[in-house]
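Asker: With chain A's structure known, arrange chain B on it following the hints.
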Amino acid sequence: MRGHLGQRLLQVLPTLLLVSILVFCLQQLMPGDPALVLAGEERDPAVLAAIRTELWLDRSLPIQYLHWIGGVVRGDLGFSWRIRQPVIQLVTTKLPVTLQLGAMAFIIAVGIGVPMGILSAVKRNTKWDYIANGVGLAGLSTPNFWLGIMLILLVSVKLGWLPPSGYVSLAEDWRQSLATTIMPAFVLGNAIAAVLMRHTRSAMLTAMDQDYVRTARAKGLPERVVILRHALRNALVPVVTLGALELGTLLSGAVLTEQVFSIPGFGKLIVDAVFNRDYPVVQGVVLVTATIYVLLNLLADVLYVVINPRMRGA
Amino acid sequence: MRRLLLATASIAALCGGAQKALSQEAPTQTLRIAIAEDGDVLDPSVARTFVGRIVFAGLCDKLFDLNEKLEIVPQLATGFEYTDPKTLILTLRPGVKFHDGTDMDAAAVKYSLERHATFPGSTRKAELGAMDKVEVDGPLKVKITLKSPSSPFVSQLTDRAGMIVSPKAAEAAGKDFGLKPVCAGPFKFVERVAQDHITMERFPEYWDAKNVHFAKVVYQVIVDNSVRLANLQAGAIEIGERIGATDVDAARKDSKLNTAVFPSLGFQSINFNLGNGPKSKLPLGSSALVRKAFELSIDRHALMQVVYNGLYPATVQGIPAASPFHNEALKVPERDIAKAKALLAQAGVKAPVPITLTVSTSSDQKQVAEVIQSMTAEAGFEVKVQATEFASMLSAESSGDYEASAIGWSGRADPDGNLYSFMYTGAPLNDWKYSNKDVDTWLDAARATTDVATRKALYAKITTQLHADLPVLYLDNNPWITVSNKKLTGFRPIADGMIRIQGMVLAK
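Quick note, the sequences are listed as chains A and B, same order. Every number in the working numbering is 467 more than the matching position in the first sequence, counting from 1. Every number in the working numbering is 85 more than the matching position in the second sequence, counting from 1.
Isolated chain B (complex conformation):
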C-alpha cells in the first residue's frame, strides 16, 4: 500500500521557513494575471474550461496537487492509503478553514465529493465514476469505497474533482454557488465582471498563508495573443498564460520579461471518423492503410517548425513526454511519399483521395490544416479544409458529421485521463467509435493496477496498438508558454499549466 510523501511535506515546510521573513508584514501588492479567455461558471462541480482551472488555482484548494515531476503531493489532504484495492483512506490537514470561516473537515470532503458526483449537470461524474461511496471515518479521516480498483482515482483529486467547497455556502447558494464560490484556497472571491476580470482578495486564515505574498489577485481577460504580450511589455500585467508561439522571440528579446516554455500534459491531434455514421465509410475511416498513408505524407517536424516556430514537439502518442508512462520506443515516422503512395495502392484507393478536414477557426489551427493540405497533396490526397467554430464542431463530432477533425486536449496527469475516455469502446469522448478489444482489456488492466512498471508496460502496448490502428493522428505535445515580468519570481512551471500563486513574489 502506498503512503504519501512525507518527504515532500518536509520540503514544503523548509520552503515555508525560507519564506518566513516575507510573511511578517501583511502583503499589499496586487498580482495581475492575463488569461486568454473568459472562464465559465466558477463552481468546481460544473466547470469545464481549462481557463477556469487556472482561476480555481487561486480560489479553491484541492485534496492533492501535482509537483514539477507530476508527483501527487499534499494540499488539503496530507496523505492517502489504500487499505485494500477498493478502499481508500484520506487523511486531512487539520485547522483548515473555508472562506466563510467554517471548518474544512471530513464532513465537508464527503459533502463535496458527493456533490461532484450527484449534482444535476455535474461535469465531474465521469472523473469520479469509480467512486461507490464516501464515509466520514473521523474528524479528519475520509473513507472512499471504489466500485473497482482504480489507479487513476487519486490523480482525479488533483483537479476540480478534488476541490472542496464549503457545505454551508453550497447548500445556501444551490445552483448559484458559482456566482460567489466559497472554498479553502489562498484567495477569496470578490467580484467578476464577465469578459473583463475576476478579482480575489487574500484569505488571511489560509492554511499556507505565509506563502501568499499578494493582497489581491486580478485575472484579466485578454483574448488577443499579441495584446497579452503587449500588456506584459508595458508592465500592465505581471504574468500571462498561453502566449503565442510566434510571440516567443519578441518576449525573449525583452529584457524585462521571463519566458517559460515547458511541457504540457496535452496534445493536438486529427481524429478520424471510424464508425460514427455514413462519413465513417469513406476511405480514411474504413482503411488503416489509407490513414497510415496520410500519416506518412506529413512531416510533423516541418509542420511544427512552420506553424509554431519549432517550439511544439512532434509526437505520435497521447501520453506526453513529461509523463513517466510515455512510450519512448514510439518514434515520429519520417515523411515517406513513396511508401504513402504504395499504401494507397495496396488499399485499392485511387488518387486523388478527397478528404474533408474540419478545424477550429483559430489562426494556428487553420495554418496547421493548410500545411497538411499541401504536404498530403504530394502523396495523392486532396484535403479540403473546413474551418468551423467550436460549438458546431463539437456537435458535428458527436453526431458523426465529419471525416477528420483537428482538436486539442489540455491533458491529465494520469495517462488514463488522456486515453480511456477517447479510446475505450463506447467511452464518452470516443466520438470516432474506435473499438479494439485488446486495447479495452489493456486500458482496464492499467486502471486496475497501481504497479508503475506493469502500467508502463500496458500503456506501451496501448500506444503501439493505437499507432498501428490510427484512430487518432497525434501531431504534437503543445507546450505551455507563460511569460512573466522579471520582478515576479517563484512561478513553478508544472505540466498541468496552472498558475500557482503560492510562493510567488513581486519585487518592489
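Chain A extracted, bound-state conformation:
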C-alpha cells in the first residue's frame, strides 16, 4: 500500500510540473502587453522599462518561468501585478467562497434533480412526467445571468426578502452568509438539477424494466421499497458519476453567476486576471486548481485500492 501511494505521489509531481509549464506558455500566446496595461496613460519608455524589469518581463521566457517556479517551490506564488496582493492570499480568500457556493448549488441540484427524475420515471407519461420534463427543459434552457437578474428583481427589489448581491463569509455571520449565497446557489444549481433530473429519469426507466425490479414486485414488496431500494440504488450509479463531473464544473464555471451576484469567487478572480494580464494570478489559480484536481484523483485512486486490493497491481 505504501509503495503504491509513493508511486502515485511520484506521478503527481510531473503532472503538476507539466500543468505549470503549459499554463505559463499558453498565456504568452495571449495578445497584449502587461506593462502597457499597468502603465495606463503613462507611456514613458523609461516607465515601461521599469515595469518590465520589476516584473522580470525583460528576461527570456525560460528565466521568467524558472523565477516563478522557484518561488512556487518555496511556497511563494508571487503577487498580483494589478493590486500587489500576494497570490496565495487571493487564493485562500476566494477558494472558500467558491467551495461554499459550489457545495450549496450541488445540494440544491441533487435535492431538486434526483427526486424530480424519480417522479418523472415512476409517473411516466402522466402529467407529473410532463411537468417534471417541462421544468427540466426550462432549467436547461434558461441562461444563468438572466435568471439571476430576474431573481434579484423579484426576491430582493420587489419582495425585499434577500440581499441583492454581495457576500458574507460563514465565519462572519452564517445567517447573512446563507442569505447572500442562496440565490446564486439556486441559479447555479438549477441548470445542474435539470441535467441530473434527465439522467435520473432515464436511468430509473432502464432500472425499472429490469428483471430484479419485476422480481421485487412479484415478491409483493411495497412499491415505495421497490423504487427506492431496488430501482433507485442501481440507477444512481451513472447519476453519481455525472454529479461528480458537474461538481467539478461548479468550481470553475461559476463566472457569470459570480458576476451577476457580485460574489468574489475563484471564477471571477481568474477571468479578471486574464483580462488584466495579471499573469501571476492566472498561473497561481490554475496551479492551485490543478493541484486540487490531481489530489482528489489521487485520493480516489487510494480509496479504490483500500476498497479493492486487487487493483494494487492495476
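Errors might be hidden in some of the hints.
[Stated by the list, open to error] Result set (EDC-like, lysine to aspartate or glutamate): computed pairs, CA atoms no more than 20 Å apart in a straight line:
#	chain 1	residue 1	chain 2	residue 2
1	A	590	A	676
2	B	228	B	166
3	B	546	B	523
4	B	518	A	511
5	B	232	B	199
6	B	435	B	463
7	B	426	B	554
8	A	625	B	332
9	B	364	B	467
10	B	232	A	511
11	B	171	B	222
12	B	295	B	110
13	B	546	B	536
14	B	182	B	286
15	B	366	B	554
16	B	301	B	276
17	B	182	B	290
18	B	301	A	639
19	B	253	B	188
20	B	541	B	525
21	A	625	B	334
22	B	518	A	508
23	A	625	B	339
24	B	154	B	413
25	B	218	B	199
26	B	260	A	521
27	B	260	A	543
[To be verified] Only part of the chain A face toward chain B is listed, based on derived beta-carbon distances under 10 Å:
#	residue
28	507
29	550
30	560
31	634
[As the list claims (entries may be wrong)] With the Cβ distance kept under 10 Å, some of the chain B side facing chain A (calculated, not the full set):
#	residue
32	128
33	205
34	207
35	210
36	211
37	214
38	262
39	305
40	308
For the record, the hints were derived by calculation from the structure and aren't laboratory data. Keep in mind the model is a prediction, meaning the values are calculated, not measured. Cβ coordinates follow ideal geometry from the N, Cα and C atoms, glycine included.
Answerer: Chain B alone, transformed into the frame defined by chain A:
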C-alpha cells in the same frame, strides 16, 4: 500673478458652520458606494484606473480640488502663487495630520511630489513632467520650479499627482504602500477584499472632520449595471456610479431614488491610424477626405438616441461643454450622404471602402459600432466590427495593428489633459501618429500662457484644425450617471465624476 480663492474658502467656512449641528455627535452610519469595477493598486503614484480615483476621493486628499464650475479650490493647500512663470509657491493648510498621526507639512509635500515623479513604475511622471524641482520654503510653504511655464500644472494637482502621502508610511512600505495606504483624507484604510469591497473608517483628526457624517464607508464592487441599480432599488447601497443610460428611466421612476445625469470631462471617439505601421496606408488613414466622408455618413444625434436613450450629447471636439475652453463655434455636422459620396469620389476611392473598426467588448460600444456600420454603409463604407478585450486593444493601438479604434477617455479638468498627450507630435498617447506643426505650436503656446482668453483662442484654433484633419472622430461627451437613495443628500455633481463624501448626509 494669480491668487487663490479666498472667497471659496469663505463659502466653505460658511458651509462648515451650517453643518456644525450635525457634527456634534460622532457619526455612526455606514455609507455604501457601488463602484462599477475593482480598482487597481491604491498607491497614488502608480494607480491608473478611473475607479481607483473614486476610491481615493475618500482616502487621499489632494493639494487642490475642483468645484462644480471646474474652478481650482483649496484642499491640502490653501493657495498658490506664481512669483514668476516658472516658480510656483504653494501655501499649505496648517494642522493637517496623516492617518498615522504624522504631520502633513511642506516636507511631506516635497516627498510626495518627488515620489510621484521618480518612483519606479510611477504613472504620474507625464503629469508632473513640467516639474523641475521641489523645495521646502518654510514649514507650510513649498516652492516648485518648473522646467518651462505650464498653465495646466496646478490642475494636475487636483488629481492623483496632487495626493500627498505619509512619508513615514511610504518609506516603510516601499512598493507595498498601496496595500495599506496612509494619506490625509477623510477616511482611513481598513481592508480590501479584491473584487468585492474596500472598507474605510472615519479619520477623527481629519482637517474637515465636521463635514464627514459617516463612521465607515464601503466601496462595493458591483460590475453589472442592472445589478447596481437593483441594489439601489433594494436599499442595499446608498449611491452607485456609472449607472447605464438604459437604466435611467427605471431609476427616475423609482420614488426612493435620485438620479443625477451631469456633464463629464471625457469623451468617446473613433481614432484613425494615420501613421503607425502598414495599416495607416489604408484609405481611411491616408486621406482626410475619406475620413470626412466617414464622418458625414454618421448621424451622431441619432446614434446617441439609439444607444444611449439620447442622454449622451454628441460632440466634435475633445474639450467638453463643461469646460470654459469649449469651442462653441464648432457644431456637430448634419448627416449628408450625397456629400460623403462626393468626397469619396474626390479622394479617388472606389466604394465599397472596407474598414475594420476595433471596439471593446462592452455591449454599448458594440452597439455604437453596429449603428455606425449600418449608417456608413449607405455612403459606400463596408465596416467590419472587431470586438476585442481591453488589453489586446491597447497593444494593437500601441503597435499600429488597427485601422480605426473606438475608445473612451474620462477626461481632465484642463483641456491640455484631453489634447496634448493625444495630438502633439510624438506624444505618449498619440498612437495614431498624428502630426501637424501648427497644432503642436498652438498646444505649446496654450501650455505656456495662463491668460484665459489667449488660451481659449488657441484651443479654438486647435479644435478647428483637428476637426479638419480628423485624426480622431469625437462622438459624444459621455455624461456621468450617478443614482443615490433619496435619504442621501449632499452629493455634488462635479464633472470629474468623483464621489466626494464630505458634506453628504444620510437621513435616518
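Asker: Hint by hint, note whether the structure agrees.
Answerer: Consistency of the hints with the structure:
1. Distance check on the hinted pair: residue 590 of chain A and residue 676 of chain A sit about 14 Å apart at the alpha-carbon level, within 20 Å; holds.
2. Using a Cα cut-off of 20 Å, the hinted pair residue 228 of chain B and residue 166 of chain B holds, with the two alpha carbons roughly 10 Å apart.
3. With a C-alpha separation of about 9 Å, the suggested pairing of residue 546 of chain B with residue 523 of chain B holds against the 20 Å cut-off.
4. Of the pairs offered as hints, the one joining residue 518 of chain B and residue 511 of chain A holds, with about 16 Å between alpha carbons and a cut-off of 20 Å not exceeded.
5. Distance restraint check for residue 232 of chain B and residue 199 of chain B: the Cα-Cα separation of roughly 15 Å lies within the 20 Å cut-off, and the hinted pair is therefore satisfied.
6. For the suggested pair residue 435 of chain B and residue 463 of chain B, the alpha carbons sit about 14 Å apart, so the restraint of at most 20 Å is met.
7. This hinted pair checks out: residue 426 of chain B and residue 554 of chain B have alpha carbons roughly 18 Å apart, not beyond 20 Å.
8. For the proposed pair residue 625 of chain A and residue 332 of chain B, the alpha carbon gap of about 17 Å is at most 20 Å, so the pair holds.
9. Only pairs whose Cα atoms come within 20 Å are accepted, and residue 364 of chain B paired with residue 467 of chain B is accepted, the gap being roughly 16 Å.
10. A threshold of 20 Å between alpha carbons decides the hint, and for residue 232 of chain B with residue 511 of chain A the separation of about 18 Å falls inside it, so the pair holds.
11. At roughly 16 Å between alpha-carbon atoms, residue 171 of chain B and residue 222 of chain B fall within 20 Å of each other, so this suggested pair holds.
12. Between residue 295 of chain B and residue 110 of chain B the CA atoms are separated by roughly 10 Å; this keeps the pair inside 20 Å, and the hint holds.
13. Taking the CA atoms of residue 546 of chain B and residue 536 of chain B, the gap is about 16 Å. The hint holds against a cut of 20 Å.
14. With a C-alpha separation of about 15 Å, the suggested pairing of residue 182 of chain B with residue 286 of chain B holds against the 20 Å cut-off.
15. Restraint check: the Cα-Cα separation between residue 366 of chain B and residue 554 of chain B comes to about 16 Å, which is no more than 20 Å; the hinted pair holds.
16. The hinted pair formed by residue 301 of chain B and residue 276 of chain B meets the criterion: a straight-line CA distance of about 12 Å does not exceed 20 Å.
17. Taking the CA atoms of residue 182 of chain B and residue 290 of chain B, the gap is about 7 Å. The hint holds against a cut of 20 Å.
18. The hinted pair formed by residue 301 of chain B and residue 639 of chain A meets the criterion: a straight-line CA distance of about 18 Å does not exceed 20 Å.
19. Of the pairs offered as hints, the one joining residue 253 of chain B and residue 188 of chain B holds, with about 10 Å between alpha carbons and a cut-off of 20 Å not exceeded.
20. Taken as a hint, the residue 541 of chain B and residue 525 of chain B pair is honoured in the structure, with Cα atoms around 16 Å apart against an allowance of 20 Å.
21. At most 20 Å may separate the alpha-carbon atoms for a hinted pair to count; residue 625 of chain A and residue 334 of chain B meet this at roughly 17 Å.
22. Using a Cα cut-off of 20 Å, the hinted pair residue 518 of chain B and residue 508 of chain A holds, with the two alpha carbons roughly 16 Å apart.
23. Under the criterion of a C-alpha separation no larger than 20 Å, the hint pairing residue 625 of chain A with residue 339 of chain B is consistent with the structure, at around 12 Å.
24. Using a Cα cut-off of 20 Å, the hinted pair residue 154 of chain B and residue 413 of chain B holds, with the two alpha carbons roughly 17 Å apart.
25. Proximity of residue 218 of chain B to residue 199 of chain B is assessed by CA-CA distance (about 8 Å); at most 20 Å being required, the pair is judged to hold.
26. A C-alpha spacing of about 10 Å is found between residue 260 of chain B and residue 521 of chain A, which places the hinted pair at or below 20 Å, so the restraint holds.
27. Pair hint residue 260 of chain B plus residue 543 of chain A holds up; C-alpha atoms about 17 Å apart against a cutoff of 20 Å.
28. Interface hint status for residue 507 of chain A: upheld, as the beta-carbon distance to the closest one in chain B is roughly 3 Å, under 10 Å.
29. Look at residue 550 of chain A: its Cβ gets to within about 5 Å of chain B, closer than 10 Å, so that hint holds up.
30. The interface hint given for residue 560 of chain A holds, since its Cβ lies 6 Å from the closest Cβ of chain B, which is under the 10 Å cut-off.
31. Hint status for residue 634 of chain A: holds, given a least beta-carbon distance of 6 Å to chain B, under 10 Å.
32. Of the supplied interface hints, the one on residue 128 of chain B holds, with its beta-carbon coming within about 8 Å of a beta-carbon of chain A, less than 10 Å.
33. With a cut of 10 Å, the hint placing residue 205 of chain B at the interface with chain A holds, because the nearest CB-to-CB distance is about 4 Å.
34. At its closest, the beta carbon of residue 207 of chain B sits 7 Å from a beta carbon of chain A; the interface hint therefore holds under the 10 Å criterion.
35. At a threshold of 10 Å, the smallest CB-CB gap from residue 210 of chain B to chain A is about 5 Å, leaving the interface hint in force.
36. Taking 10 Å as the C-beta contact cut-off toward chain A, the hint placing residue 211 of chain B at the interface holds, the least distance being around 6 Å.
37. For residue 214 of chain B, the suggested interface contact is upheld, since its CB lies about 8 Å from the closest CB of chain A, less than 10 Å.
38. The interface hint given for residue 262 of chain B is met, as the beta carbon of that residue sits about 9 Å from the closest beta carbon of chain A, less than 10 Å.
39. A cut of 10 Å between beta carbons decides the hint on residue 305 of chain B: the least distance to chain A is about 6 Å, and the hint holds.
40. Among the interface hints, the one on residue 308 of chain B holds; its C-beta lies about 6 Å from the nearest C-beta in chain A, closer than the 10 Å criterion.
Comparing the model with each earlier hint shows no violations; every hint is respected.
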